[in-house]
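S.K.: Dock chains B, C, D, E and F against chain A, hints included.
Protein chains in written order, with this note's numbering: chain A, 2 to 159; chain B, 2 to 159; chain C, 2 to 159; chain D, 2 to 159; chain E, 2 to 159; chain F, 2 to 159.
No lab work stands behind these hints: they were computed from the structure.
Accuracy of the hints is not assured; some may be wrong.
Heads up, the list lumps identical chains together, so a pair's fine if it works in one copy or across two of them.
[As the list claims (entries may be wrong)] Calculated pairs, SDA-like style, for lysine to any residue (alpha carbon to alpha carbon, straight line, at most 25 Å): (1) Lys157 x Asn39; (2) Lys123 x Glu99; (3) Lys57 x Pro148; (4) Lys42 x Glu155; (5) Lys80 x Tyr158; (6) Lys42 x Ser137; (7) Lys133 x Asp110; (8) Lys57 x Ser129; (9) Lys157 x Ala108; (10) Lys133 x Leu16; (11) Lys123 x Leu109.
There are 6 protein chains.
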Amino acid sequence: MLKAAFPGSFDPPTLGHINIIQRAAAIFDELLVVVAENRRKKYLFSAEERVSIMQKLTVDRDNVTVALCDSLIVDFLQKREIGILLRGVRGLDDFSYEFELSMMNRALDSRIETLFMTTDPKYIVLRSSAIKELASFHGNISNMVPPLVAEALEAKYR
Amino acid sequence: MLKAAFPGSFDPPTLGHINIIQRAAAIFDELLVVVAENRRKKYLFSAEERVSIMQKLTVDRDNVTVALCDSLIVDFLQKREIGILLRGVRGLDDFSYEFELSMMNRALDSRIETLFMTTDPKYIVLRSSAIKELASFHGNISNMVPPLVAEALEAKYR
Amino acid sequence: MLKAAFPGSFDPPTLGHINIIQRAAAIFDELLVVVAENRRKKYLFSAEERVSIMQKLTVDRDNVTVALCDSLIVDFLQKREIGILLRGVRGLDDFSYEFELSMMNRALDSRIETLFMTTDPKYIVLRSSAIKELASFHGNISNMVPPLVAEALEAKYR
Amino acid sequence: MLKAAFPGSFDPPTLGHINIIQRAAAIFDELLVVVAENRRKKYLFSAEERVSIMQKLTVDRDNVTVALCDSLIVDFLQKREIGILLRGVRGLDDFSYEFELSMMNRALDSRIETLFMTTDPKYIVLRSSAIKELASFHGNISNMVPPLVAEALEAKYR
Amino acid sequence: MLKAAFPGSFDPPTLGHINIIQRAAAIFDELLVVVAENRRKKYLFSAEERVSIMQKLTVDRDNVTVALCDSLIVDFLQKREIGILLRGVRGLDDFSYEFELSMMNRALDSRIETLFMTTDPKYIVLRSSAIKELASFHGNISNMVPPLVAEALEAKYR
Amino acid sequence: MLKAAFPGSFDPPTLGHINIIQRAAAIFDELLVVVAENRRKKYLFSAEERVSIMQKLTVDRDNVTVALCDSLIVDFLQKREIGILLRGVRGLDDFSYEFELSMMNRALDSRIETLFMTTDPKYIVLRSSAIKELASFHGNISNMVPPLVAEALEAKYR
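Chain A extracted, bound-state conformation (with noise of 0.2 Å):
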């Protein structure tokens, strides 16, 4: 049985990702969603509110869990026996990053393989931060987010 983790900050999930997790739904016979909290950086939406968004978006995917983590993700999945780390990569920046932080994974277990998925053309241009900027403005973002994505930011920006 083959369980892959899908970790991210998810703040907030965008259409893409979204894409990724029913894509990688299909393929892994378990795909744990790992909510990602790093107490030295800022969210718009606390841990709890992201663990919780991202249960209700997959909430009809019998084969996905969500999990929060606030530690190193190669220990984490390590407790968790799961030896896949799976990444949705939009774009050549994107993957400049992954890159170097799949081979510094690698470099402390080497058991944790990381997998690229490509975003579809279509969400290549959905980048969380570019999204809460325009929600900040009031601009349309109903076709980048699911719908409770949109009225959580709207309740935020309001």
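M.R.: The following block gives chains B, C, D, E and F in isolation, referenced to the frame of chain A:
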């Protein structure tokens, strides 16, 4: 009549920005230099200072005007019925960011087209943030910015 | 009156090229599609075939014309008094090449400005060379090129 | 049961390819190494030689098999009911090409997912074309390819 | 006699930095390791700590000395009559930034030449900021930094 | 005494190459310009022509000599006891290729260090292949190559 907008932070403008403005003013019937103000960002020069600097730097160009934008740029352009958003690109790094931005702006309003011009090679090195750092160390920036900007930077870092 | 030229090999044109032409024809008063012919390069379609294809694909656009160029593009534009060279860019790789080309063209004639437009995300994947390889394997290219190009490719690889 | 295909020219395979195969064989239930043959390309080793080399190099892996593909890879995978196309990526340049290829393959058959693994840092330098050039100059390639490939290259360039 | 300076934040130094220093010390007659201090930036280790660490790490190299620079690097080099600025590059992202920096430094003083060395592949993954994050999570960094740096990081994050 | 080698095809040399040679000759005690000849590649100018051109272009530099290399560059440098391989880099694309090449050369002989210098911005645009194409169209290349190269190109394409 072809109108184009050239938005930027211009905090402060460099000789590279002036180069783009001069070349763009020769192409388009009207060029609107748009000083972007985002309340979430920190600037060295206030919005008013930046507008004033840009007005002084373009005073000899009849078809160039300057405006302030503190909302979403696509909304700003719609209201003024400007369909062309012009961006200067200094190289691959700039383009990577601009490419994504242009796609997001088209997702927001497909009638607004982004056109890119490349900076002349001799201005490739000029980045506002690096020039500010240089000025803070009292480095010689006289070949990087117009004289009035050099004076304004000196005043800030005295 | 603002005239722009859109040069390319168009061997063959893709839906991405057509997308750029339609958007550019809406911006500029006149758009000249320039079929580039370089005797040192090998093409699948002859210069005459490529000009004929481009004429058929742009026949419904009043302000679009097609011409053949087998000399230096800057000389070609000078003679026709066209000051804008328009290029479509599909992403970073394209831009890297185009950036250099635009600087070289400006070194040859500083009055000719290159403007770049980015391809819509759904056409990012369309590269003429890859489509030819696909067609040679009888892959389904109907969503990648206009119908008459699909037929022309099938005829070539039958 | 999760099957993946790992296609490549393998002309010849490097230690980097072998590294990807070993790591992939540990993840997936079955791994099909696909030797790609394109009649329009020139190879140093014939398709038969490349298949034979890959078979010898993977003989100790029970869940790895080798096949030849001279048609479109998506058609090849459909017939074998393999939904995962695995690609090794050595860095940004590789990824740029692979990113586009993966999007084109998804445009051809949206059920086939491309997953990327990154080459271990010590193999980043290994590119088949560079190794062939090195071998043609009788350079020392013993740390770059498996011993049987080193011998095969020596035989070719004697 | 050829003198070179190797500037950096070294906050903290990694095995990659040490690798560059060792290789550079074998090439140049004298190597000055320059600890850069910018009052506008935040460091984990103070300037004094970083100078002390670099001195301990280079104590066995006769032709390597360490100095602190809190002014413009080109002014610093002029005063010491050092004409070569050496930079280590881990890959494309580093180079993109360094390329611009080197051109700006030449614009400031054309007599100062920047030379680049590439980090050995096994150190490509080592970035000071990532190592600090890792240390903050109590990850195993013993293969990434010299022992005294590992201890210093542990002390900081205890 | 610090010796460096500057290898290249120089088919033909551009003002960018000359710029690197002049700056390098001011740094190193001796500079050996190495004209690379690879029997598998096609050149416009023969090895003898390229050596002769480079000799004429460097005749006024006492510490610059020219040699032909038709073997592996690391073997060539070993025999001459030259430990520094100097490469000029015009930007990210060049560097990507050079980065890999430098790592491969270190894999072949770890005593040979590659150092990179960046081309001055005004020469960034100069690529030998593009200049040849330009010359073939009788474009004006007088600002791109030394006068004797311009004449040699004209003679070739007459």
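S.K.: Hint by hint, which ones does this structure get wrong, listed from lowest number up?
M.R.: none
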